Every structure is written in C-alpha cells, then in structure tokens.
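Undergrad: Line by line, the protein sequences are chains X and F. Going by my numbering, the residue at position 69 of the first sequence is 69; the numbering climbs one at a time, nothing skipped. In my numbering, each number is its position in the second sequence, counted from 1, plus 1000.
Hints in this document: simulated from the structure, not taken from any laboratory. Note that the coordinates shown come from a computational prediction; the quantities given were computed from them, not determined experimentally. Cβ atoms here follow ideal geometry from the backbone N, Cα and C, with glycine treated the same way. Wrong hints could be hidden among the right ones.
[What the hints assert, rightly or not] On the chain X side, residues computed to face chain F include the following (Cβ under 10 Å):
no.: 1; residue: 78
no.: 2; residue: 81
no.: 3; residue: 92
no.: 4; residue: 103
no.: 5; residue: 120
no.: 6; residue: 158
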Amino acid sequence: MIRFDRVTKIYNKGSSPALRDCSVEIDKGEFVFLVGPSGSGKTTFMRLLLREELPTSGRIWAAGRELGRLSNWRVPYLRRNLGCVFQDFRLLANKTAFENVAFVLEVIGRPRPVIESQVNQVLDLVGLGQKKHRFPSELSGGEQQRVAIARAFVNRPLVLLADEPTGNLDPETSIGIMKLLEKINKTGTTIVMATHDAGLVDMMRRRVVELDQGSIVRDQHRGVYG
Amino acid sequence: MSRFLSPRVDYTLREALSNLWRNRLMTIAAILTVAVSLSLVGSAMLVKQAVANATVQWDHGVNAIIWLDPSITPAVRESIHQQLLAMPEDIASCYYNGHKADYAEARIVLRSEPAAFQALTPATTPPSYRCRLRNAVDAYAVASHFAKQAGVKNVTYPGQAIKTMRRTTTVLQDVLLVVAIVLMLSAAVLILNTIRLAIFSRRHEVSVMKLVGATNWFIRIPFMLEGFLEGLAGAACAAGIVLWLQKVFDSVVAKPTASGQPSALWVSTGQLVTTEIVIVIVAVVLSSIGSGLAVRRFLST
C-alpha cells in the first residue's frame, strides 16, 4: 500500500536532511501513528506521500504507484486515492459543510444525485447530518475536523493521511475524532496519522513509527508513544 | 440550471458566478480597469482614424494630384504618363489611381456632400495621377505645365495651410499610434495585475482544491470564465464610453462650421464598429488568458 525505500529528503543543499535513509512498509488496512518531536520529519513524510515534494534519493510507492515516476498531470489522480486531514482543517470558508464535502466529488465529475446521497451518508457517519448547511465559522473545532474527515473519506480513498488532526482540539473532542478514524479504518482504509498526543497513541495501541532527526528510530506494533 | 447541464459545466458556471459575487469589490475593480483602459485605447484609435480620414488624399507624401478626364483615351493617358516620367528632376514618384479607387476615395472625401457623391458613378469619377514632388514649392510649376494639357481636367496641390496640417497630422497620427500602443500595454498590465490580486486573495482555496485532487484545468477554468465575464462587462462599458465620446465629438468638433463646411475630422460607422470589436476582443482575450496565467503560479504541484 505504502512503501518508502531508503528515502532521503534534503530541502536545501548543505542543510541537514529532513528525512534520512528511511525505509518503511505500511499494508492495506493498517492504522499507523507517526510520532516524534517537532522537526523530526513527520510533515515531510506526509508531503512526500501527497507528492507535494519529491525525494532527493530513494523511492516511494503509494496507492500502487511509484511517486517518483508519476508525471505532474497524474498527481491529482493520485490524490483522489489519498484523503488528507490537517490540524487547521483547511475547509473552504465560503462553502457549507455539505458543499465542502461535495466539492471532492464535483472534482471527479460525479453526477448530482450520486453526490447528494454519498455526502449525506458520510456526514451522517461523522455525526453532522443535522448541521450540513452550516458554514465552517458556525461549527466548533471538533465539528470542523469532522467535516474535514468527511471530505477526506467521501471518495472512499485507499489511504487517509492525518497530520496532527487533534492538535487544535480538547482531549474529549480528540477522543471523538480518534473513534471516528478508527471507524473509518475498520472499512479497510489505511490510516497514517502524525501526532504529538501521547495519550491518544497510548490509548489506541496501534503500530507506532517514531522519527527522530529524519531517521526512523522505532517501528513497533501495538506500540505506545515513548 | 443543474438539471440540464453536465456536472462539470454546472460546477464551472456556479463556481464562476458565485466567486464573482463573493469577491464583488475585486470584480468591480477589474471591470472598471478594463473599461477605463480600453475606452482610452478605443478613443485613441478613433482619433487616429479621424485624422487619417481627414488627410486620406495626401497620404504617402502626395503633394500634387493631376485629375484626368473621365473619358480619357488610353493613348492620351499614356502621353501624360510619359511626360511625368520625363520630369525626374521635379517629380520623385507618381502612381495612377483608377476610376474605382478614386470613386472609393470620393465616398470618404465627399462625406459632407452626399449630393455631390450621389451624382458620381465609378465611370464618371475622374482617375488621377498622384505625384510626390522633389520640392513642394515646384507644385505651382508642375500644375501650370499639366493644367492645360488635353485629357487633364485640373491639377490640385495642397496650399500652405494643408501642407502644415498634413505635417501636423502625420506627427499626430504617429503620436496617437504610440499612445494607443502604450495604453494597450498599460491596460494589459493593469488587467493582469487586478486579476492576479483577486486570485492571490484566494490562493488558500486553490491549495485546498489541489489537495482534494482537482486537476489544474478544473481549477483554472472557473477563474478563466470569471476573467472572461469581467472582460466582457468591462468591454461593454468601454464600448459604451467610446460610442458616447464619438457622439460628443461629432456634435462638438465635427459639426458644420459657420461657413457650412463640416469638419474634416470624422469617423465612419464601419470604423466605429471595428474599434468596438477590437475593444471587445482585446478585453475578453486579455482577461481570460490573464486569469489563466495568473492562477498558474498557484498551480505548480
């Protein structure tokens, strides 16, 4: 599903690598926490998977494609198989919850009736069926993150990448988001989540990949934060 | 609307129209920029055409016209031609304007005298030799030489006032051409900059679109449609302004003088329509392509 083969990423010549000779393999349906201090390379790992960056050396496979060989015009098609959720939600402020989620399906040209039914279904899944006509500014942080998760999942991607999805939320709301991600994982979607939240990692007891100064220093099944 | 259109067309229209409304201040700025810039360009073009119309007979440095009898025989015409060729010290060059060419020119020159023009047909319009003299002061001598020749109707040459006017209008035309080009370039830069600002304020939106897998063209087309609509609205305003200016010009500058002679400065309906078409094409092409280019910098993968 996802494979890093001796991947190194150096942003500027002369600077130290953001990722250093990383090799890791993540199978279909896995739930993996990516942990490590700030600057350890978690975000670079995510950006490489989204093909926002190319590795300086090494090879990456995701959703059945080798990203280094992927031409620029094919990148959007790759991203349709990779849902992503961010700490700052990144919702479109001028669109309602429904429209934010529907946008993903409009992008791939789904007909209106299909969009209606799929979006309603996924908004019910994240518990926002009643608030679908609200704008992001009318929703709480936890609800906005639920909309972001619904948007990432509506297209049933093979992989869902979550970069600090609970970073802006209180502990109780964070647990709700984790339960939602777990529910999505049970549908067979692979989840890679970068986090600083030791409590959540320790609670979930899933695979933990730890990065430190760009290197993978631990890869533990049913692991804990530190 | 959505019931009848394909999802993509429906999305593009909805997105473009809602964005125009949502960013209405920038939309108005873009429309005004297009309108003001292109009305200046259009006005400069019209003034240039008016000046060109006023001096059409004296184009290409012509400073003497030998009008021939409409029924002149080829032999007599040839004899005049040979005489012109035999005066290289006075005449730098000459070209023959046939019945049809002079008739077409008369349509412009006799605009203020429709009765005189209607009395003409191509066959009754005198053909002419248009000559460029080596020295303009020789015009009188050349005119005297040919005026009484068989087959020659009369010889006209510009008086000092016309000569001065021609010299002035030649400079004026060149200046207006440069002004029109500079205005066009300024309009292009202003339009592009306004569109760029509008898109810059929405770069976050573009980055989200990319993250969810929108192709570059999917993102670009609503922006281009917005640019197209802004350009069209701006062009409509500019066309209206130019039309209004032309009417004002016609009623103030080109109205008949006290002597009953209309001003030489005027533009035909055809020239006005051409100018309006140029304004519309320039506006929509610049705005659509400008939007496409402006959004490009936010689309690099």
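Undergrad: Tell me, which hint numbers fail for this structure?
TA: Violated hints (numbers, rising): 5, 6; every other hint is consistent with the structure.
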